[in-house]
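Fit chain B to the known structure of chain A by using the hints.
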Amino acid sequence: MKVESMLQAKKKTGLVFFPAFDWAISPSHPEREERLLYTQDQVFEEGLLDIEGITEYKPDLVTIKDVQRVHFCVPDPWTVMTESHFISAGGAKTIGMARMDGKVERGFALVRPPGHHANRVVHGARGFCNVNIEAIMVEYLRRAYGIDRVAIVDTDCHHGDGTQDIYWHDPDTLFISMHQDGRTLYPGSGFLDELGGPNAVGTTVNIPLPPQTSDEGFLYTIKEMVLPILNDFKPELIINSAGQDNHYSDPITNMNFSARGYAELTDLLQADLAVLEGGYSIEGALPYVNTGIILAMAGLDYNHLREPDYNPERYRQTTATTRWIEQTGLRVLKSWQQRKELTEKLRADQTIHQRSRRIFYDTDNIYEVQSESIRVCDDCAGALRIESSSDKDVAILAVHIPRKACQACKEQAYEWYDSANLGRFDHVFLQDRPKDTYLERKKENAK
Amino acid sequence: MIIGLDVGGTHTDVALIGHKGIEKEVKVPTDEAHLFETVLTGLEKVTEGVNPQEIRRAVLSTTLAANLIVQNKLPPVGMIVSGGPGIDPRLFRTNTDYHIVRGAVDHRGREVETVDDFEIMMVAEALKLKGIQYVGVASKFSVHNPEHEKRIAQLISPHFERVFLGHQLSGSLNFPRRIATAYLNAAVYPVHKQFFEAVKKSLVKKGLDVPIRILKPDGGNMNFDSSFDDPALSILSGPSASVMGALAYAPSSGATLVLDIGGTTTDMALLIDGVPLLDPLGIEIGPYKTLIRALHTQSIGVGGDSVVHEDEGVLTIGPERNGRAMAYGGPEPTPTDAFTVLGLVNGGDRERAVEGLTPIAERMKVSLDEVALQIFDQACRQILSGAQEMIDRVNSKPVYTVHELWEGSAIKPRHLMILGGPAPQFAEKLMTMFEGNVTVVPHWQVANAVGCALARTTCEVMLFADTAQQVAVADGEQASREIPRGFSLEDARRMALELLREKALQRGANPDHLEMEVIEANQFNMIRGFHTIGKNIRVRAQIKPGLIRGYDPIAGKLRRQDL
Chain A
1 MKVESMLQAK KKTGLVFFPA FDWAISPSHP EREERLLYTQ DQVFEEGLLD IEGITEYKPD
61 LVTIKDVQRV HFCVPDPWTV MTESHFISAG GAKTIGMARM DGKVERGFAL VRPPGHHANR
121 VVHGARGFCN VNIEAIMVEY LRRAYGIDRV AIVDTDCHHG DGTQDIYWHD PDTLFISMHQ
181 DGRTLYPGSG FLDELGGPNA VGTTVNIPLP PQTSDEGFLY TIKEMVLPIL NDFKPELIIN
241 SAGQDNHYSD PITNMNFSAR GYAELTDLLQ ADLAVLEGGY SIEGALPYVN TGIILAMAGL
301 DYNHLREPDY NPERYRQTTA TTRWIEQTGL RVLKSWQQRK ELTEKLRADQ TIHQRSRRIF
361 YDTDNIYEVQ SESIRVCDDC AGALRIESSS DKDVAILAVH IPRKACQACK EQAYEWYDSA
421 NLGRFDHVFL QDRPKDTYLE RKKENAK
Chain B
1 MIIGLDVGGT HTDVALIGHK GIEKEVKVPT DEAHLFETVL TGLEKVTEGV NPQEIRRAVL
61 STTLAANLIV QNKLPPVGMI VSGGPGIDPR LFRTNTDYHI VRGAVDHRGR EVETVDDFEI
121 MMVAEALKLK GIQYVGVASK FSVHNPEHEK RIAQLISPHF ERVFLGHQLS GSLNFPRRIA
181 TAYLNAAVYP VHKQFFEAVK KSLVKKGLDV PIRILKPDGG NMNFDSSFDD PALSILSGPS
241 ASVMGALAYA PSSGATLVLD IGGTTTDMAL LIDGVPLLDP LGIEIGPYKT LIRALHTQSI
301 GVGGDSVVHE DEGVLTIGPE RNGRAMAYGG PEPTPTDAFT VLGLVNGGDR ERAVEGLTPI
361 AERMKVSLDE VALQIFDQAC RQILSGAQEM IDRVNSKPVY TVHELWEGSA IKPRHLMILG
421 GPAPQFAEKL MTMFEGNVTV VPHWQVANAV GCALARTTCE VMLFADTAQQ VAVADGEQAS
481 REIPRGFSLE DARRMALELL REKALQRGAN PDHLEMEVIE ANQFNMIRGF HTIGKNIRVR
541 AQIKPGLIRG YDPIAGKLRR QDL
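Chains as they are written, first to last, in my numbering: chain A, 1 to 447; chain B, 1 to 563.
Because the hints were derived from the structure by calculation, they are not lab data.
What you are looking at is a predicted structure, and each value in this text was computed from that prediction instead of being measured.
Here a beta-carbon is modelled for each residue, glycine too, at the ideal position from N, C-alpha and C.
Certain hints may be false.
Unchecked claim - Pulled from the structure, derived: some chain A residues nowhere near chain B, Cβ distances all over 12 Å:
{"id": "1", "residue": "11"}
{"id": "2", "residue": "35"}
{"id": "3", "residue": "56"}
{"id": "4", "residue": "63"}
{"id": "5", "residue": "75"}
{"id": "6", "residue": "211"}
{"id": "7", "residue": "259"}
{"id": "8", "residue": "373"}
To be verified - 30 Å max Cα-Cα, derived DSSO-like pairs, lysine-lysine:
{"id": "9", "chain 1": "B", "residue 1": "201", "chain 2": "B", "residue 2": "45"}
{"id": "10", "chain 1": "A", "residue 1": "334", "chain 2": "A", "residue 2": "345"}
{"id": "11", "chain 1": "A", "residue 1": "345", "chain 2": "A", "residue 2": "65"}
{"id": "12", "chain 1": "B", "residue 1": "397", "chain 2": "A", "residue 2": "58"}
{"id": "13", "chain 1": "B", "residue 1": "24", "chain 2": "B", "residue 2": "557"}
{"id": "14", "chain 1": "A", "residue 1": "58", "chain 2": "B", "residue 2": "193"}
{"id": "15", "chain 1": "A", "residue 1": "10", "chain 2": "A", "residue 2": "103"}
{"id": "16", "chain 1": "B", "residue 1": "544", "chain 2": "B", "residue 2": "193"}
{"id": "17", "chain 1": "A", "residue 1": "103", "chain 2": "B", "residue 2": "544"}
{"id": "18", "chain 1": "A", "residue 1": "223", "chain 2": "A", "residue 2": "410"}
{"id": "19", "chain 1": "B", "residue 1": "193", "chain 2": "B", "residue 2": "128"}
{"id": "20", "chain 1": "A", "residue 1": "410", "chain 2": "A", "residue 2": "234"}
{"id": "21", "chain 1": "B", "residue 1": "397", "chain 2": "B", "residue 2": "535"}
{"id": "22", "chain 1": "A", "residue 1": "404", "chain 2": "A", "residue 2": "442"}
{"id": "23", "chain 1": "B", "residue 1": "20", "chain 2": "B", "residue 2": "557"}
{"id": "24", "chain 1": "A", "residue 1": "103", "chain 2": "B", "residue 2": "397"}
{"id": "25", "chain 1": "A", "residue 1": "65", "chain 2": "A", "residue 2": "340"}
{"id": "26", "chain 1": "B", "residue 1": "150", "chain 2": "A", "residue 2": "12"}
{"id": "27", "chain 1": "B", "residue 1": "397", "chain 2": "A", "residue 2": "10"}
{"id": "28", "chain 1": "A", "residue 1": "103", "chain 2": "A", "residue 2": "11"}
{"id": "29", "chain 1": "B", "residue 1": "193", "chain 2": "B", "residue 2": "24"}
{"id": "30", "chain 1": "A", "residue 1": "442", "chain 2": "A", "residue 2": "392"}
{"id": "31", "chain 1": "A", "residue 1": "404", "chain 2": "A", "residue 2": "334"}
{"id": "32", "chain 1": "A", "residue 1": "65", "chain 2": "B", "residue 2": "412"}
{"id": "33", "chain 1": "B", "residue 1": "201", "chain 2": "B", "residue 2": "24"}
{"id": "34", "chain 1": "B", "residue 1": "412", "chain 2": "A", "residue 2": "58"}
{"id": "35", "chain 1": "B", "residue 1": "193", "chain 2": "B", "residue 2": "206"}
{"id": "36", "chain 1": "A", "residue 1": "392", "chain 2": "A", "residue 2": "340"}
{"id": "37", "chain 1": "B", "residue 1": "150", "chain 2": "B", "residue 2": "193"}
{"id": "38", "chain 1": "B", "residue 1": "397", "chain 2": "A", "residue 2": "11"}
{"id": "39", "chain 1": "B", "residue 1": "397", "chain 2": "A", "residue 2": "65"}
{"id": "40", "chain 1": "B", "residue 1": "150", "chain 2": "B", "residue 2": "130"}
Just chain A, with the same shape it has in the complex (with noise of 0.2 Å):
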């Protein structure tokens, strides 16, 4: 008998496969060594490596430069981060440029530490998060290859907050967060008002899910919402948010999504690009759903795979659930609709609009205080002032230039830079995107 490989990606995929192995936040913190350790064992036992088509590289470290592209650090890169965090974004970017080279046609990060919860502003970890991973990667493609309109996915259990933040003036970036509802879970927010800034009303999208949501609800979300919203937009690249913890063994969460359920998903939305957040069932969840989500990526077979105790009478959502959901769903393809009209409502003849928030950093037990500043304007992203300062007794001011500024937003942000007061601020950064510079004056002494 002539034997011939059977298996063979229907489409190219690049993995970038990095678990830090010799990284935690705290030994027992479920961001510790161990979290992809039988992930890894699965993917070499089931041999996706081998898998003519799929092909795996390795990461390459972001630059200070990327990062500060994205973020504004207190008081800079080298204190918010650490190694692992150069690689995981590293990883990221990585496998972005294998997908912009044409060296494959999706790609998956599989690496470790996450990032979607890092917001703009970085004074240090929150949500296990410190350095925004996607936000670094897209920022760098956009850059590099000059590509224009993205669309961030977020899959995972916990609301994407820090993206959400990043992306919150963007109108050229469609982020869409699916979560379980803000007020049964970290990070509390992510509710169906949350729409954007006033330059980019409609292009944040918040799609709540109630508590024991099953595949079932996930499926109908991505059919019924995020896949109409998306054909909608149409963004040049997707990326996929890949959070695991929607998982029903996950021990931080509450819904009741299946290995089997992830890979129709991913199967679905089609991503070009997908990188792993969360997910902290170890064992029970994350060999399976990142085994999944590799072969769907790859167009490969996923009918074998299950949990060893997957019961899916165990986990079917119940009527009132379905209901909840495509209650939900009404509503998110209203504000959808209706976005230009939200938008005059939100701008009420403003030419500055404002906004204070106070950021808790449970990770790192920091608090912050914000306040933001953005130009009103109908032909960019807008200038954008804010002023940030932690009980670590530590105050900046960012100023952004976003990357396809007017003149006037661009005159803007230095006479903001230039006339700050370095007697109220430690630093005063300016990041300048159509240049891609990085500017910082400090106070003598600064922290």
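Showing chain B alone in chain A's frame:
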């Protein structure tokens, strides 16, 4: 004295090495269809006039198993495979009599579904009815819990000549490769056994009752008896023979590129600080990806007899070979013809070589000497770019810890060692193109046979311990061991080295010079809730591939009374 014999595609090289150095070297043509005669002729010729009492062993590297695989002539065997959830195991089918059965174990080695004894007996019955005598068994995660494979073996062993279990050949995780490896073990076994028993018998008849050892692709050998436990380990040992031949003369520090330039191909390998680089998983042959441990080698289709192509003034060499060079009666021009034209080799028919190169020279509007030089240059460039590709691949190999990624420096060879037929000619040219030292391996024509003779006995043990379940499992072991909850990484290292020692001695290693080392040692705290429930420990230990103790590389002589 030790005999080294390496069967190549064109020639079989044999060397006899003793206290005075290389005492004899012989080349006999390889007859693929009559390998037994080839091997025997080689052994006879090299021992002519030598006192058989003085020969301590013969180490053989043959193409027996590789030929069977490549020519698709493996005998029918049975495969019993249990996978459980995951990729459909039907996709890993190796042969006609391939049976998927119930039974599953998860990633930590916990039983998820039991083996169905009745089902196994039905499969055994079906295989027996077809006259099958050899069976391979492979289960998913059997290296973390071999009980299912062992249960199946226990049930069916009475009904078959020999049953091969997946977890016994390698402790690495890779179910599809485990299936292929168990299959090859079963399928190669009868041919391997018949061949080597016949060789042994013929030698005894001729008064040459010397212990036979068999070279493996990892550059080590195994003794005659243990080769029947893992016959698949004899597949594709050829490239490792050359590497071991170069090793004796290799610099002990830095990265070295070894090139074995033959008639058909150039085989490339890397030495790091005098130790050959191993492949992370195992050899790939024909359609099979295996867990057979091997040196990291790569072959490109550029050799002395590769066909020279000219297309609109651009020369390329190979990858195909169409018989011998024109100077030796072949049909098409080759690098060997270029050497002949340039007067770098004698012995061929220069006129035929000129005849071959003239049309190319005319089309390119250059002189005959110029075209010969360009062919030579091009062959060297292709070899170096093939080597660079291999080095780039090694350097892009993923790593999994922060430490490895930050500390790992890229390999950049500073030494180039060349062996094989046209080694001296190539060395001279490569010296002008390679940044670093270029040397020709002494006895370059039979260095592979010398490498065969001098290779030490190697093996590997992969130990997996789970202190929460209180079990330690290592491949090839007959029983998994119970361990205490306090079992530590240090205990695991000790156990792995102990197991390695046992395995090495059984394979025929010298107990006084084992050269054991731990190459991987990781432990993970297993935390459930807020409590540490135990440790998950993995230790991989090996006998480092290298040369036997007592060989003096400077004098090129054996300095041990017992050899």
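Verification of the hints:
1. 11: About 16 Å separates residue 11/A from the closest Cβ of chain B, which puts it past 12 Å; holds.
2. 35: Per Cβ check, residue 35/A is inside 12 Å of chain B; nearest 9 Å; violated.
3. 56: violated, 5 Å
4. 63: Its Cβ never comes within 12 Å of chain B, the nearest being 15 Å, so this holds.
5. 75: Given that every Cβ of chain B is farther than 12 Å from that of residue 75/A, nearest at about 23 Å, it holds.
6. 211: Given that every Cβ of chain B is farther than 12 Å from that of residue 211/A, nearest at about 20 Å, it holds.
7. 259: violated, 9 Å
8. 373: Consistent with the label, residue 373/A stays out of reach of chain B, its closest Cβ about 39 Å off (over 12 Å).
9. 201/B - 45/B: Within the cut-off at roughly 17 Å; holds.
10. 334/A - 345/A: The hint holds at about 15 Å.
11. 345/A - 65/A: violated, 37 Å
12. 397/B - 58/A: Satisfied, since the Cα-Cα distance of roughly 6 Å is no more than 30 Å.
13. 24/B - 557/B: With Cα atoms ~13 Å apart, residue 24/B and residue 557/B stay inside 30 Å; holds.
14. 58/A - 193/B: Measuring from Cα to Cα gives roughly 43 Å; hence the hint is violated.
15. 10/A - 103/A: Holds. Residue 10/A to residue 103/A sits at ~14 Å (cutoff 30 Å).
16. 544/B - 193/B: holds, 27 Å
17. 103/A - 544/B: violated, 37 Å
18. 223/A - 410/A: Not satisfied, since the Cα-Cα distance of roughly 40 Å exceeds 30 Å.
19. 193/B - 128/B: The given pair, whose Cα atoms are some 21 Å apart, holds under the 30 Å limit.
20. 410/A - 234/A: The hint holds at about 28 Å.
21. 397/B - 535/B: The given pair, whose Cα atoms are some 28 Å apart, holds under the 30 Å limit.
22. 404/A - 442/A: holds, 27 Å
23. 20/B - 557/B: Holds - the C-alpha atoms of residue 557/B and residue 20/B are around 6 Å apart, at most 30 Å.
24. 103/A - 397/B: Given that 30 Å is the threshold and the Cα spacing comes to 17 Å, the pair holds.
25. 65/A - 340/A: violated, 35 Å
26. 150/B - 12/A: violated, 38 Å
27. 397/B - 10/A: holds, 24 Å
28. 103/A - 11/A: holds, 11 Å
29. 193/B - 24/B: Within the cut-off at roughly 29 Å; holds.
30. 442/A - 392/A: holds, 17 Å
31. 404/A - 334/A: Holds, because 29 Å separates the two Cα atoms, which is no more than 30 Å.
32. 65/A - 412/B: Since the Cα atoms of residue 65/A and residue 412/B sit roughly 29 Å apart, the hinted pair holds (cutoff 30 Å).
33. 201/B - 24/B: holds, 24 Å
34. 412/B - 58/A: holds, 18 Å
35. 193/B - 206/B: holds, 20 Å
36. 392/A - 340/A: violated, 41 Å
37. 150/B - 193/B: holds, 23 Å
38. 397/B - 11/A: holds, 22 Å
39. 397/B - 65/A: Within the cut-off at roughly 26 Å; holds.
40. 150/B - 130/B: Holds, because 23 Å separates the two Cα atoms, which is no more than 30 Å.
Violation of the numbered hints given earlier is confined to hints 2, 3, 7, 11, 14, 17, 18, 25, 26 and 36; the remaining hints are satisfied by the structure.
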